[in-house]
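**Q** These are the residues of each chain, in order.
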Amino acid sequence: MSHSGAATFKKVAGIITIDEDASPAEMVWRSTAGDKTHTIVLDTIDKLQATPATSEKMMLRLIGKVEQHDSKRAKTDGAEGTPRAGQDGSSAEGTPAPKPQTHMFSFNNREVMENIKSTLQLIISRYKDNEIYEEKRKMADGTSGGGAGGPGGAGDDGTEAALHETGGMTSVLSAAPLINTAQLDDSLSQSKLLANLKLQQSLLKHDKRLMRAFQETVMNAGLGPAEFWATRVAQLRTFALATSQRIGPYNVLSTIKPVASSENKVNVNLSREKILSIFENYPIVKKAYDDNVPKNFKEQEFWARFFSSKLFRKLRGEKLMQSDRGDVIIDRYISLDQEYDRKDDEALLHPVKKFIDIDGNEEDDPVKFGHRPHFTMRPGVDVNGNSDGTIDILKGMNRLSEKMVTALENEYSRAKLQNDAQDSPDEEERASLDIRDLQTTYKADYAMVHLNNKEKTNQNTRHATQQEDGGESAQPAVQVSSEAIKESITTVISELTRDLDLTQVLPDKQTSIDVNAEVISAVKINAKQAKHNNVDQTLGAFVNSIAGENDAKSDLPMELVESCRILHSTCCEFLKHFYIHFQSGDYKQALKVNTLYKHLKDCISKLNELLSDVKDGEGDEIAATCTAYLKPVLTSITLAVERYDNAFKEVNREILASR
Amino acid sequence: MSADHLRHSVNQYLEELPQPVQIRLYESPATCLAIYRLLPQLAKFFMMSMVFNENFILLRDLDRWVKSNGKLQFQEAIKSLKSLHLITPKKNENGALMIGLNSTFRESFKNALTGGQVNNSFGVVIESDSIAMDILNEYSSSKWETILHFMVGTPMASIPSANVLNLLKNSRLMEETESTAEFKITNEGFQFLLQEANAQIWTLLLQYLKMAESFQMDPVDILNFIFMLGALEVGKAYSTKELSDTQQNMLKDMRDYGLVFQKNADAQVFYPTNLAIMLTSDNKNIHRTASNALDSVVQKNKEGAATESAGTMGDDLDDVALQGQPIQDGALIVETNFKLYSYSNSPLQIAILSLFVHLKSRFANMVTGQITRESIRTALTNGITAEQIIAYLETHAHPQMRRLAEENLEKKLELDPNTKDTLQILPPTVVDQIRLWQLELDRVICYDGSLYSDFENSTEFNLLSKYAQDIGVLLWKDDKKRKFFVSKEGNSQVLDYAKRKLNKK
Amino acid sequence: MDAIADPNFKHQGNKPGSVEESPSLLTVIVDITPQLWTEFDLKNGKKDSILDVLKALIVFLNAHLAFNTSNQVALIAAHSQGIKYLYPKNKADDDEISSKNEKEDRDLFIISKNMYRRFRNVDETLVEELYMLFKEEEQSIGKVTQKSTLAGGISAALAYTDRITREMETISLKSRIMVLTCGSDKGNRDEVFQYIPIMNCIFSATKIKCPIDVVKIGGSKESTFLQQTTDATNGIYLHVTSTDGLLQYLSTAMFIDPSLRQIIVKPNKGSVDFRTSCYLTGKVVAVGYICSVCLCVLSIIPPGNVCPACDSEFDERVIAKLKKKPVVPRLTKRKSANHVSKK
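Residue numbers (full-length UniProt numbering), protein chains in the order written: chain A, 1 to 659; chain B, 1 to 505; chain C, 1 to 343.
Simulated from the structure, these hints should not be mistaken for laboratory data. In this text the structure is predicted, and so the values were computed from the model without any measurement. No residue lacks a Cβ here, since even glycine has one placed at the ideal position from N, Cα and C. Check each hint, because a few of them may be wrong.
Claimed, not checked - Taking beta-carbon pairs under 10 angstroms as the criterion, some of the chain C residues facing chain A (in silico):
id	residue
1	62
2	267
3	310
4	326
Unchecked claim - Cβ-Cβ distance ranges computed for the label pairs, FRET-style:
id	chain 1	residue 1	chain 2	residue 2	range
5	A	121	B	339	56 to 62 angstroms
6	A	238	C	292	22 to 28 angstroms
7	C	292	B	69	49 to 55 angstroms
8	C	162	B	339	34 to 40 angstroms
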């Protein structure tokens with residue numbers, strides 16, 4: 001792109017130069033003789049007009065702004081970034097009384113003019129966007145506290161707006177994590193988790209169902225919170241880990257997708273976090289920002305320039321083309337960036353072992369002895385030996401990855417904890433350098449499990465089974481004498497030596513009808529089922545095709561189902577705790593078991609209460625359904641109570657007897 | 001494809017027979033067995049469930065057996081059963097449709113299964129007589145190959161007998177040029193060459209049947225004889241005494257085709273050959289084309305003779321399970337670059353390949369060639385269709401290719417159990433390209449069928465078009481103009497449906 | 001390339017939804033243990049049900065052979081002393097036992113002479129082998145019977161199936177297995193001890209995608225493990241009370257070819273009990289102990305702290321934990337008063 005070119009101004013030949021360094025940018029025309037100059041401050045320019053490519057004439061007209069506010073406002077619609085020359089007349093008409101200042105340049109080279117035009121276009125639209133943004137902000141400030149930033153209208157004016165909106169969120173997320181992430185192993189230990197009230201509270205807030213269970217069991221039914229949480233350590237741990245996750249460094253720029261808008265402009269949406277992480281990941285951007293904002297341009301303008309700069313493309317990992325249009329100021333940092341990169345490289349450098357260090361063996365490099373590798377063997381280099389930047393991109397990407405990895409090392413310090421425990425790093429290193437390709441491959445070793453023939457176990461089981469038989473089988477076992485067996489074998493043998501008439505086996509009419517009816521009836525039932533279930537052929541299991549069909553239909557009113565559900569889960573909660581302590585074998589828990597036992601008894605009465613209430617209030621049919629729902633839990637609780645009673649009697653037999 | 005085609009053509013012939021003839025056919029258990037095997041899978045299942053059950057059963061009950069994804073097959077099964085008059089419909093007292101098995105068929109089939117009264121339809125074995133397998137095989141292969149070679153136009157000494165020539169002419173596989181009285185292969189002839197051996201035999205036999213009708217021969221006798229041949233055991237001697245006169249006459253013709261062997265024209269016994277067995281066996285079984293079958297048989301016999309174990313050939317069918325399957329002769333490999341390698345030495349095989357492949361070089365045990373646009377176009381102008389070429393390539397694909405394709409499919413299924421992909425034995429590029437070459441020629445495809453238009457409202461239109469689509473006969477539809485086009489075969493079904501549905505309202 | 005997307009083009013390609021006509025191998029395992037059948041006879045007041053079963057089975061095999069020309073069958077018998085391949089014949093046995101002549105003699109009059117040869121070849125061999133087998137059984141009356149050999153039979157069938165499908169790869173042979181067993185009380189008890197071998201069979205069967213169908217004649221309606229087998233392998237479980245009309249059962253419910261399984265509704269009845277049995281007591285358990293080495297399931301803590309199936313020693317501490325008595329408050333005199341009063 002060119003920032004200068006020959007142009008005629010007021011019929012005097014001269015050179016136009018665009019000075020983007022100045023803030024605001026200027027366009028200076030100097031006559032060839034050097035005696036005349038004409039300077040236009042570009043942020044005062046409202047419109048740019050050029051003769052169309054078809055026209056013989058090559059002229060460029062810059063129209064200055066009119067100071068009146070409303071006229072400008074009225075014209076915002078028409079003031080497109082790329083006014084067409086064809087609109088010349090019409091747009092001039094639209095301009096009201098105070099005639100704006102116009103500057104006319106004529107060119108003798110179409111290309112030069114196009115170049116100048118596009119540069120100017122870019123600059124002018126940038127200033128315009130700025131203005132629109134400022135204006136919006138003023139309006140917004142006037143009305144509300146600054147929530148709604150209009151739909152990302154121009155340039156990157158989404159930036160600030162997004163900033164306001166996400167502010168609240170960030171504060172939540174970036175608040176101190178609920179656990180100490182630096183010492184992860186320690187903070188995830190059971191005792192720490194159980195002591196971490198803040199964590200528990202926030203989990204309850206997060207999980208409504210858990211909250212309800214907590215309310216029911218702990219707040220209403222008097223289960224100790226410690227009890228409650230003791231069975232949920234895993235849940236706590238997961239939650240702690242999940243909430244303490246932070247976003248590490250990542251390739252931020254690649255996630256920024258400029259969106260082309262209708263008005264031949266490109267919109268970029270940026271949030272505050274994004275900006276921060278850009279600064280974090282790319283110090284060069286931070287430097288550029290610090291250098292230029294607000295000294296040279298406003299934040300708005302900085303980002304606009306940045307996203308159209310070559311630097312942006314380089315950092316994103318795109319190939320830089322000679323023909324790419326960049327940004328004069330920002331692109332200066334490219335060379336500086338290389339400096340940064342070198343520093344980064346040094347910081348990230350892993351000391352390479354002499355043994356495998358290729359650089360260290362440079363004396364042996366065949367290339368040094370005269371032959372350069374063929375260009376096809378040199379990646380990223382074309383026939384003429386010019387680098388196409390691929391290598392740089394790859395390096396840049398690698399650098400980024402390395403940074404990510406190193407950044408993680410300080411977080412979640414599990415690795416470090418483990419490393420300390422392990423043997424010396426030397427050991428590890430040596431192991432990694434071992435050449436093992438000639439070693440025999442590891443053979444999978446299977447442990448032989450010798451399954452006993454049942455003979456051995458039969459002795460002790462025969463007894464058991466016989467006992468059982470006596471109790472269970474109502475039919476008397478038929479004793480088969482060996483004579484009977486012999487007889488049947490002989491008949492079979494004699495049958496087998498005679499003519500075997502297979503037609504005999506054909507079932508008689510009635511039997512086959514019955515059989516058929518029986519089979520069909522089974523098919524009938526299964527056919528109905530098959531309609532409801534999609535059988536997954538590979539899994540051989542039923543797969544529910546529609547996610548929403550998880551909930552079975554119920555005839556019960558919603559509230560009743562809900563209360564059944566709550567009661568059920570409460571009962572289960574108590575049962576769980578009861579058994580944990582009941583089976584713990586620790587006599588210190590005895591009192592706790594006793595309390596839980598009482599809770600269980602309460603549960604039984606609550607269940608019965610609910611059932612009788614339903615029966616009275618809703619009628620038999622619903623009561624039956626309700627009973628069916630709660631029957632299993634009632635049985636389990638009764639069983640638990642029974643077991644407790646038995647054990648209690650067992651242990652205290654003497655005392656009870658003595659009474 | 002061509003197995004289906006064969007099935008289809010035989011079935012079609014049987015379906016077109018008048019009902020009394022069909023019923024008479026069902027008197028022979030052997031014929032019943034053969035017809036049973038020609039039915040669609042689902043129909044076979046239904047039949048079996050009804051064979052031992054003398055009662056009528058509800059059609060609805062049969063329908064219950066089938067899951068919703070198999071309704072198409074259900075339609076197909078019932079349709080084929082109906083058109084062969086294997087089932088007889090009846091209404092029960094509630095007006096529900098009941099069906100029962102044709103009683104003649106039931107009795108015969110039951111007897112076939114249990115070895116009851118079979119009326120010698122499976123032939124009468126003469127135990128005292130037997131014949132060496134290699135004589136049989138040599139005989140059948142020489143006869144059959146003579147026919148095929150003659151068709152391809154290989155210069156050779158022997159020419160098939162006059163009635164074979166007559167048959168070829170009548171079936172329009174070959175035509176006699178008037179000027180030179182020489183035989184020239186026709187488009188149908190080319191197609192014929194690409195078919196599987198049993199399809200080829202059937203094509204000839206069906207033609208034979210048509211010719212026989214004009215000689216006032218009883219088709220029932222002929223068919224019974226053909227189906228019986230298929231049910232015999234190779235290597236056994238069978239008596240000719242039990243045969244009807246028609247069948248006795250047929251023997252001579254069958255001899256000319258190489259289906260049976262007789263020591264002399266007046267012999268009282270005949271011996272079925274491998275070709276005869278192929279009549280009722282699936283193409284997938286054992287051998288794929290006649291020349292392969294014969295070549296491999298000859299080869300086997302040579303080996304057999306060497307090891308003096310030719311005697312074991314007798315129960316070939318049953319023993320096949322215990323031997324590894326030898327790689328068939330003529331197995332071919334197609335590469336994505338359209339190169340083709342065929343492991344074959346038989347001139348017949350090579351001649352057939354050269355119909356659509358540009359053959360380049362020949363080695364001791366294989367030929368290589370290239371599938372080119374020109375070679376395919378030549379084949380297409382000869383009347384061979386792309387589908388036939390593809391089917392041929394597919395059935396002759398080397399086991400290696402098949403295995404590779406199966407592995408690929410399995411992998412895909414693991415990733416996505418619902419994948420609609422089917423087994424792709426040939427490289428898809430080649431298949432697509434062959435089809436494209438065909439499309440170049442026929443840009444217009446003609447279908448016979450019926451156009452439905454002028455619907456009163458869109459519900460009617462949707463009802464019918466959806467039905468047509470569901471049963472797979474819809475060829476084209478335009479929702480806006482409310483018109484759709486249905487293939488000829490499906491028209492009656494759609495019409496029935498339309499009558500049922502639309503009259504109700 | 002647009003041409004390929006053309007509907008007409010596709011239409012030529014393949015007709016929608018046709019069932020693939022592929023041949024299949026049917027392997028039947030029949031439990032012929034004479035003791036079981038005699039018991040069954042006594043209970044039902046019948047005679048020689050086994051003969052009815054065998055005849056029905058032969059016709060059923062014929063029917064399978066009729067289904068497709070390339071279909072194959074195999075029959076394995078589980079008898080009191082082990083298993084035996086009835087068809088195809090074990091060639092090694094053949095040479096030892098019968099001289100050719102004898103066979104030829106018997107060959108021709110047992111099965112109707114005019115039967116379709118392919119049926120007849122199979123059926124003759126079967127009858128021949130069955131005859132041999134029952135002769136052997138006659139010798140071994142009174143000997144200790146092996147615990148039902150059914151699981152062994154299934155393993156043999158799976159091995160055979162695998163081999164044949166590999167050999168017949170080119171014709172893509174499908175396979176299924178049918179188990180025909182007699183359910184007596186004793187059989188039920190024995191079955192319990194076959195849990196592990198049957199489980200192994202299930203895994204193998206699912207791996208080679210071979211459905212296992214089960215017909216149980218007599219005995220109780222349920223058969224936990226065999227039902228589990230059918231359920232896991234996409235097979236069909238059928239309980240039959242008598243041998244009457246067995247053929248009709250076989251030709252309907254048991255006649256579903258593997259290629260048809262996709263579209264046919266299975267005539268299974270009732271629900272499957274997925275519980276397993278205790279290795280020691282044979283009780284069916286819902287909650288129990290499990291050996292971490294061999295996965296053997298126990299309903300009690302085994303004596304000697306050793307797994308009864310694989311002899312692995314269990315960890316003392318774990319056992320101690322399992323044996324812990326339940327915790328209940330111990331009453332002291334004074335406290336007991338409290339306790340009671342609270343109540």
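**Q** Each of the hints needs a verdict: does it hold here or not?
**A** Okay, the hints, checked on the actual structure:
no.: 1; hint: 62; verdict: holds, 8 angstroms
no.: 2; hint: 267; verdict: holds, 4 angstroms
no.: 3; hint: 310; verdict: holds, 4 angstroms
no.: 4; hint: 326; verdict: holds, 4 angstroms
no.: 5; hint: A:121 <-> B:339: 56 to 62 angstroms; verdict: holds, 58 angstroms
no.: 6; hint: A:238 <-> C:292: 22 to 28 angstroms; verdict: holds, 26 angstroms
no.: 7; hint: C:292 <-> B:69: 49 to 55 angstroms; verdict: violated, 43 angstroms
no.: 8; hint: C:162 <-> B:339: 34 to 40 angstroms; verdict: holds, 36 angstroms
Comparing the model with each numbered hint stated earlier shows that hint 7 is the single one that does not hold.
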